[in-house]
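4 protein chains.
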Amino acid sequence: MAHTIANKEKLLLRVRKIKGQMNGIEKALEQETDCFKVLQQISASRGAIQSLMREVLDGHIKEHLGNHVSNEQREKEIENLTSLFKTYLK
Amino acid sequence: MAHTIANKEKLLLRVRKIKGQMNGIEKALEQETDCFKVLQQISASRGAIQSLMREVLDGHIKEHLGNHVSNEQREKEIENLTSLFKTYLK
Amino acid sequence: MAHTIANKEKLLLRVRKIKGQMNGIEKALEQETDCFKVLQQISASRGAIQSLMREVLDGHIKEHLGNHVSNEQREKEIENLTSLFKTYLK
Amino acid sequence: MAHTIANKEKLLLRVRKIKGQMNGIEKALEQETDCFKVLQQISASRGAIQSLMREVLDGHIKEHLGNHVSNEQREKEIENLTSLFKTYLK
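Residue numbers (my numbering), protein chains in the order written: chain A, 75 to 164; chain B, 75 to 164; chain C, 75 to 164; chain D, 75 to 164.
Don't read these hints as lab results, they were simulated from the structure.
In this text the structure is predicted, and so the values were computed from the model without any measurement.
Heads up, some of the hints might be wrong.
Since the list gives no way to pick one copy over another, a pair counts as held whenever it fits inside one copy or between any two copies.
Lysine to aspartate or glutamate pairs mimicking EDC-like chemistry, simulated, CA-CA at most 20 Å apart [unchecked claim]:
{"hint": "1", "residue 1": "111", "residue 2": "153"}
{"hint": "2", "residue 1": "111", "residue 2": "100"}
{"hint": "3", "residue 1": "160", "residue 2": "149"}
{"hint": "4", "residue 1": "82", "residue 2": "104"}
Work the whole structure out from these sequences, hints included.
Structure representation (structure tokens):
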């Protein structure tokens with residue numbers, strides 16, 4: 075996964091930010107914070123996960139379907155990708 | 075937030091599961107795991123966040139817009155909710 | 075449905091715009107237009123439907139859960155709304 | 075767009091079904107039907123559009139990124155696809 079290696083630090087920052095958001099939601103629930111604030115935090119974390127998805131997917135398509143890939147590998151990745159979309163794009 | 079208090083343990087379990095998923099994604103990126111597996115894990119965690127959102131929202135609507143709420147409070151919550159949807163339902 | 079009556083013309087314009095987009099997609103498929111353009115048109119029409127949903131939902135919440143509504147009516151609408159979200163927010 | 079040609083009738087059926095749903099929503103608004111029913115119809119039509127998107131996208135990826143495609147063409151399609159996701163996967 076050359077692209078996730080190249081972008082490794084950037085992607086890890088995104089993941090750690092989402093972990094921080096989850097810690098915030100956990101604390102808010104434990105401390106019985108105002109419920110609407112919890113909803114706003116969950117909404118923000120969903121946005122962050124979707125951005126992470128988009129970024130990994132972008133690299134994945136460029137890296138694993140591009141011209142430098144073997145025919146066999148490409149065929150497998152196309153199958154992977156379309157099966158992923160069956161779930162993700164419901 | 076009576077409903078998040080009543081469901082507190084159930085909601086906390088969901089949040090902790092998502093934290094576990096984020097730890098898995100972090101580790102997968104650090105160890106340069108197969109990229110498609112990372113995509114599948116991100117897809118699953120998005121589903122888990124959406125379920126969390128739906129569950130908190132469900133309780134929120136029942137609890138904060140219901141008949142037992144003061145008119146003033148309900149008015150404020152309706153404003154909150156419609157403003158949240160402007161972002162969440164884009 | 076006081077709010078859809080008040081906003082009737084505005085909502086009808088949105089619906090007719092989406093019908094126009096569907097006609098465009100139908101024609102593009104019939105004429106075997108460039109496939110990527112079809113994808114772009116479908117993507118745009120999904121955005122238009124989501125905006126329509128948000129707008130009707132916004133009015134619905136204000137109108138059918140507000141302070142002027144009877145307790146019985148509000149109870150029913152809260153049930154309706156949370157059941158809708160079970161499908162819409164998957 | 076070989077795949078949209080092969081699946082032409084199937085895709086056209088989907089598009090026409092969505093047009094029918096839009097006609098239903100238009101009529102419901104004009105006749106000032108129960109607002110919650112309008113929300114359910116909009117929710118259903120969003121589902122139908124997402125299924126259409128998934129189906130066209132599935133064919134698109136198989137057809138336009140596959141092994142039979144020229145390098146130049148594939149490069150262009152990868153760019154198209156990742157730019158589409160910037161909007162569609164927000």
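Status of each hint after checking the structure:
In this assembly of identical chains, the alpha carbons of residue 111 and residue 153 lie at most 20 Å apart only when taken from different copies (14 Å versus 41 Å within one copy). Proximity of residue 111 and residue 100 under a CA criterion of 20 Å is satisfied intra-copy only: 12 Å inside one chain copy versus 26 Å between copies. Taking CA atoms no more than 20 Å apart as the test, residue 160 paired with residue 149 passes inside one copy only; the shortest distance there is 17 Å, against 24 Å between copies. Taking the closest pair of Cα atoms, residue 82 and residue 104 come within 20 Å of each other only across two copies (7 Å); inside a single copy the shortest separation is 33 Å, beyond that limit.
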